[in-house]
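**Q** Input sequences plus hints: build the corresponding full structure.
So the sequence lines, in the order shown, correspond to chains A and B. Counting from 1, position 169 in the first sequence corresponds to residue 168 in numbering that gives the first Met the number 0; the numbering is continuous, with no gaps. Counting from 1, position 192 in the second sequence corresponds to residue 191 in numbering that gives the first Met the number 0; the numbering is continuous, with no gaps.
Worth flagging that the hints you see were computed from the coordinates, not collected in a lab. Here a beta-carbon is modelled for each residue, glycine too, at the ideal position from N, C-alpha and C. Keep in mind that a hint or two might mislead.
[What the hints assert, rightly or not] Here are some chain B residues the structure puts well away from chain A; computed CB gaps all over 10 Å:
#1 D79
#2 Y97
#3 F105
#4 Q108
#5 D163
#6 A165
#7 S181
#8 N213
#9 A217
#10 H231
#11 T301
#12 P317
#13 V329
#14 H333
#15 R345
[As the list claims (entries may be wrong)] Every beta carbon over 12 Å from chain A, so not counted as near; a handful from chain B, in silico:
#16 V196
#17 K201
#18 F212
#19 N226
[What the hints assert, rightly or not] Calculated lysine-lysine pairs in the DSS-like style (CA-CA distance at most 30 Å, straight line):
#20 A:K222 - B:K253
#21 A:K168 - B:K206
#22 A:K185 - B:K124
#23 A:K98 - B:K162
#24 B:K124 - A:K154
#25 B:K159 - A:K154
#26 A:K88 - B:K124
#27 A:K140 - A:K68
#28 B:K124 - A:K140
#29 A:K88 - A:K168
#30 B:K124 - B:K201
#31 A:K140 - B:K171
#32 B:K69 - A:K140
#33 B:K224 - B:K204
#34 A:K234 - B:K250
#35 B:K224 - A:K140
#36 A:K201 - A:K185
#37 A:K98 - B:K159
#38 A:K154 - B:K224
#39 B:K159 - A:K140
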Amino acid sequence: MNNFRIIKRLLTLLFFAAVFISFTKIKESPNSDSSIVKISFINTVKNSRIVLNDSVYTNPFEEKYTISKLRYYVTNVSLNNGSKSFMEKNSYHLIDESKEESQSFTFNVPAGNYNSIQFLLGVDSLHNVSGAQTGDLDPTKDMFWTWNSGYVMAKMEGNSPSSTLVNNKYEFHIGGYAGPYNVIKKVQLDFHNKGLEVAAGKTIEIMINADINTWWSDANDIKIAEHANITSPGKFALAISDNYAKMFSIEKIISE
Amino acid sequence: MKGKITILIFLFVSVFVSVLDAGKRKEIASPYIENTTPLKFIIPDGWPKPPTNIFSNNPLTEEGFQLGRKLFYDGRLSKDGNFACASCHQQFAAFATYDHDLSHGFHDQFTTRNAPPLFNLAWKKLYHWDGGINHIEVQALSPMTASNEMAENVDSVLLKLRKDTAYVRMFKSAFGSNLVNSQRMLKALAQFVGTLVSANSKYDKVKRGEDKFNSAEAHGYELFKANCAACHKEPLFTDNSFRNNGLTLNKYLKDYGRMRITGDPADSLKFIVPSLRNVSVTFPYMHDGRLYSLYKVVDHYTSGIQTGPTLDSVLRRPIVFSDAEKNDLVYFLHTLKDTSFLNNKRFAQP
Numbered sequence: 000m001n002n003f004r005i006i007k008r009l010l011t012l013l014f015f016a017a018v019f020i021s022f023t024k025i026k027e028s029p030n031s032d033s034s035i036v037k038i039s040f041i042n043t044v045k046n047s048r049i050v051l052n053d054s055v056y057t058n059p060f061e062e063k064y065t066i067s068k069l070r071y072y073v074t075n076v077s078l079n080n081g082s083k084s085f086m087e088k089n090s091y092h093l094i095d096e097s098k099e100e101s102q103s104f105t106f107n108v109p110a111g112n113y114n115s116i117q118f119l120l121g122v123d124s125l126h127n128v129s130g131a132q133t134g135d136l137d138p139t140k141d142m143f144w145t146w147n148s149g150y151v152m153a154k155m156e157g158n159s160p161s162s163t164l165v166n167n168k169y170e171f172h173i174g175g176y177a178g179p180y181n182v183i184k185k186v187q188l189d190f191h192n193k194g195l196e197v198a199a200g201k202t203i204e205i206m207i208n209a210d211i212n213t214w215w216s217d218a219n220d221i222k223i224a225e226h227a228n229i230t231s232p233g234k235f236a237l238a239i240s241d242n243y244a245k246m247f248s249i250e251k252i253i254s255e
Numbered sequence: 000m001k002g003k004i005t006i007l008i009f010l011f012v013s014v015f016v017s018v019l020d021a022g023k024r025k026e027i028a029s030p031y032i033e034n035t036t037p038l039k040f041i042i043p044d045g046w047p048k049p050p051t052n053i054f055s056n057n058p059l060t061e062e063g064f065q066l067g068r069k070l071f072y073d074g075r076l077s078k079d080g081n082f083a084c085a086s087c088h089q090q091f092a093a094f095a096t097y098d099h100d101l102s103h104g105f106h107d108q109f110t111t112r113n114a115p116p117l118f119n120l121a122w123k124k125l126y127h128w129d130g131g132i133n134h135i136e137v138q139a140l141s142p143m144t145a146s147n148e149m150a151e152n153v154d155s156v157l158l159k160l161r162k163d164t165a166y167v168r169m170f171k172s173a174f175g176s177n178l179v180n181s182q183r184m185l186k187a188l189a190q191f192v193g194t195l196v197s198a199n200s201k202y203d204k205v206k207r208g209e210d211k212f213n214s215a216e217a218h219g220y221e222l223f224k225a226n227c228a229a230c231h232k233e234p235l236f237t238d239n240s241f242r243n244n245g246l247t248l249n250k251y252l253k254d255y256g257r258m259r260i261t262g263d264p265a266d267s268l269k270f271i272v273p274s275l276r277n278v279s280v281t282f283p284y285m286h287d288g289r290l291y292s293l294y295k296v297v298d299h300y301t302s303g304i305q306t307g308p309t310l311d312s313v314l315r316r317p318i319v320f321s322d323a324e325k326n327d328l329v330y331f332l333h334t335l336k337d338t339s340f341l342n343n344k345r346f347a348q349p
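**A** In structure tokens, the structure reads:
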């Protein structure tokens, strides 16, 4: 009986502590002194914007190719300054070349100076093992493997005369969230000069260029003639992810 | 503001109360959705706690369970309307396919593996013979979209469901709004299949002191404990590990099991250890259904083991049974049949 009373008292204390903490958090939330920051992605080959299906590109091995599908996940986006960082809540974005509205997103960032943006290229391992998701992680987005659970982190498909597959297709479905073939890449892009000043009333857009021609080489050589079909986790998927991890650069920051 | 505080306090109280309750009653807790009838997932006496709580982000409710049950028995989840989940997972066969080595799918195609029975799934971390599925909620995507099974795509299933006002009503009562999406559909299915618990066989009754083995069964149980229980661990009758049990490679299917998922040659020919509960109604046996009777299975372990680099170490020493012992072992295996589960109306077609 006595024990029960102690537990009761402890629980009451815990309620009030929890209630207090939850209100302190609300007070901290960035409403008054913050700004909306827009992040946009521009997918290019040799500095020109990709045109799906119709444009023919040449990779570093002089192999010609077209792109019919290009999608990748940008998740856990944060703006940082030294040890301080601000992460977007529920930060999961599927960038899809065929859907313009998917190529940018906005979030509210507290005022301050930031010197880099960080994100994951791919879906964090936790969300690969947590069951049915929604939003951009919805399995109907055709980026989830049904026979070997896990997300396709990045996908590119098209045609190339160098491919020996049916209809000269090539298909890269790059995934794998654990073990030696984990393809999730942490990307950090630094803001040069004075960094990025976020303040109330400002309009800020960070434009990020993605050079798709990096997929074929950089860390590892991937020739279409040899590897036109990489659609399961493994060493070739890892090789491509090591290449495309370096595809991003800051194109421009608009701040007015 | 005051309303908010009241709600917060209410939430904390309910969380603490459920934590206290869970300690007493041994069940796995899940959060609460307003205006629903919460369901309890009771862990049978003497059973281990599930390794993970598969309902931690999927509050178990009567409404969610009933929606999942309707979906499970609905052919509209397949392209041509002919293949419900239940067409390969029949209750009288403990939700395996009765008397079929491989099951039938879209356009007269065969599946590539023997349909596993569905029960006690809450104690598993990985699903399918090769463990390729890492969460119960995403399992249904696999048969639904496989071209030789239900051959459908999820968007078109959702279109069909949205056209049916009965479904829209059920989604609303289970999840609070009319939204019909893949996440809700998959969570409802997980509530149905995840709560299929079989724990009331003669074996269980003997363990609870409500029944007695006859002498053949009792002898079979001793043989089982000495020779089989290392992999088919009580009380679930599986340790859910992946093992090569000495079957030759199927030359048509060329199925290397776990290696397909991990890419690791050390996993070649390994498959998940199936539970032996209800084993008398889940014939034929093995991942490709190659063995038609329990006697054939016992014979495999005494004289059919194919050695190879990944053969499980416990099968490297010979298992020897006399004919009389084989009979007794099979008698014991029959005591694992749970008739109340096979006939439970709550799990039947609504």
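**Q** Now look at each hint and say whether the structure bears it out.
**A** Hints and how they fare:
Even its closest Cβ contact with chain A, about 19 Å, leaves B:D79 beyond 10 Å, as expected for a residue assigned away from the interface. No beta-carbon of chain A is positioned within 10 Å of the beta-carbon of B:Y97; the least distance is around 25 Å. With 10 Å as the threshold on Cβ separation, the claim that B:F105 sits away from chain A holds: the shortest Cβ distance comes to roughly 15 Å. For B:Q108, the condition that its CB be more than 10 Å from all CB atoms of chain A holds, with the nearest at approximately 16 Å.
Distance check on B:D163: its Cβ is at least 18 Å (rounded) from any Cβ of chain A, clearing the 10 Å threshold; non-interface status holds. With a least CB separation of 22 Å from chain A, B:A165 remains clear of the 10 Å interface cut-off, as annotated. A beta-carbon of chain A is positioned within 10 Å of the beta-carbon of B:S181; the least distance is around 5 Å. Residue-level check passed: B:N213 sits 44 Å from the nearest beta carbon of chain A, beyond 10 Å.
Distance to chain A confirms B:A217 as a non-interface residue, since its nearest Cβ pair spans about 42 Å, more than 10 Å. With 10 Å as the threshold on Cβ separation, the claim that B:H231 sits away from chain A holds: the shortest Cβ distance comes to roughly 26 Å. Every CB of chain A lies more than 10 Å from the CB of B:T301, the least distance being 34 Å, so the non-interface label holds. Look at B:P317: its CB is around 35 Å from the nearest CB on chain A, clear of 10 Å, so calling it non-interface holds up.
Distance check on B:V329: its Cβ is at least 35 Å (rounded) from any Cβ of chain A, clearing the 10 Å threshold; non-interface status holds. For B:H333, the non-interface assignment is confirmed: its Cβ lies about 34 Å from the closest Cβ of chain A, beyond the 10 Å cut-off. For B:R345, the shortest C-beta to C-beta distance to chain A comes to about 24 Å, beyond the 10 Å cut-off, and the non-interface label holds. Every C-beta of chain A lies more than 12 Å from that of B:V196, the closest at about 20 Å, which supports listing it as non-interface.
Against the 12 Å criterion, B:K201 stays outside the reach of chain A, whose nearest CB is about 35 Å from its own CB. In this structure B:F212 is separated from chain A by more than 12 Å, as the shortest Cβ-Cβ distance comes to about 40 Å. No beta-carbon of chain A comes within 12 Å of the beta-carbon of B:N226; the shortest separation is about 34 Å. The suggested pairing of A:K222 with B:K253 holds, with an alpha-carbon distance near 29 Å, which does not exceed 30 Å.
Simply put, A:K168 and B:K206 have alpha-carbon atoms about 60 Å apart, too far for the 30 Å limit, and the pair is violated. As the CA atoms of A:K185 and B:K124 are separated by approximately 28 Å, the hinted pair is consistent with the 30 Å bound. With a C-alpha separation of about 27 Å, the suggested pair A:K98 and B:K162 falls inside the 30 Å cut-off, and the hint holds. Restraint check for B:K124 and A:K154: satisfied, since their Cα atoms lie roughly 28 Å apart, inside the 30 Å limit.
The hinted pair formed by B:K159 and A:K154 meets the criterion: a straight-line CA distance of about 29 Å does not exceed 30 Å. Only pairs whose Cα atoms come within 30 Å are accepted, and A:K88 paired with B:K124 is accepted, the gap being roughly 28 Å. The straight-line distance between the Cα atoms of A:K140 and A:K68 is roughly 13 Å, inside the 30 Å bound, and the hint therefore holds. As the CA atoms of B:K124 and A:K140 are separated by approximately 25 Å, the hinted pair is consistent with the 30 Å bound.
For the hint linking A:K88 to A:K168, the alpha-carbon distance of about 38 Å lies beyond 30 Å, and the restraint is violated. Of the pairs offered as hints, the one joining B:K124 and B:K201 holds, with about 27 Å between alpha carbons and a cut-off of 30 Å not exceeded. As the CA atoms of A:K140 and B:K171 are separated by approximately 23 Å, the hinted pair is consistent with the 30 Å bound. The straight-line distance between the Cα atoms of B:K69 and A:K140 is roughly 25 Å, inside the 30 Å bound, and the hint therefore holds.
Restraint check for B:K224 and B:K204: the C-alpha separation of about 18 Å stays at or below 30 Å, so the hint holds. For the hint linking A:K234 to B:K250, the alpha-carbon distance of about 27 Å falls within 30 Å, and the restraint holds. With a CA separation close to 48 Å, the supplied pair B:K224 and A:K140 exceeds the 30 Å bound. Only pairs whose Cα atoms come within 30 Å are accepted, and A:K201 paired with A:K185 is accepted, the gap being roughly 28 Å.
The straight-line distance between the Cα atoms of A:K98 and B:K159 is roughly 25 Å, inside the 30 Å bound, and the hint therefore holds. With a C-alpha separation of about 50 Å, the suggested pair A:K154 and B:K224 falls outside the 30 Å cut-off, and the hint is violated. A distance of roughly 18 Å separates the Cα atoms of B:K159 and A:K140; the hinted pair therefore holds under the 30 Å criterion.
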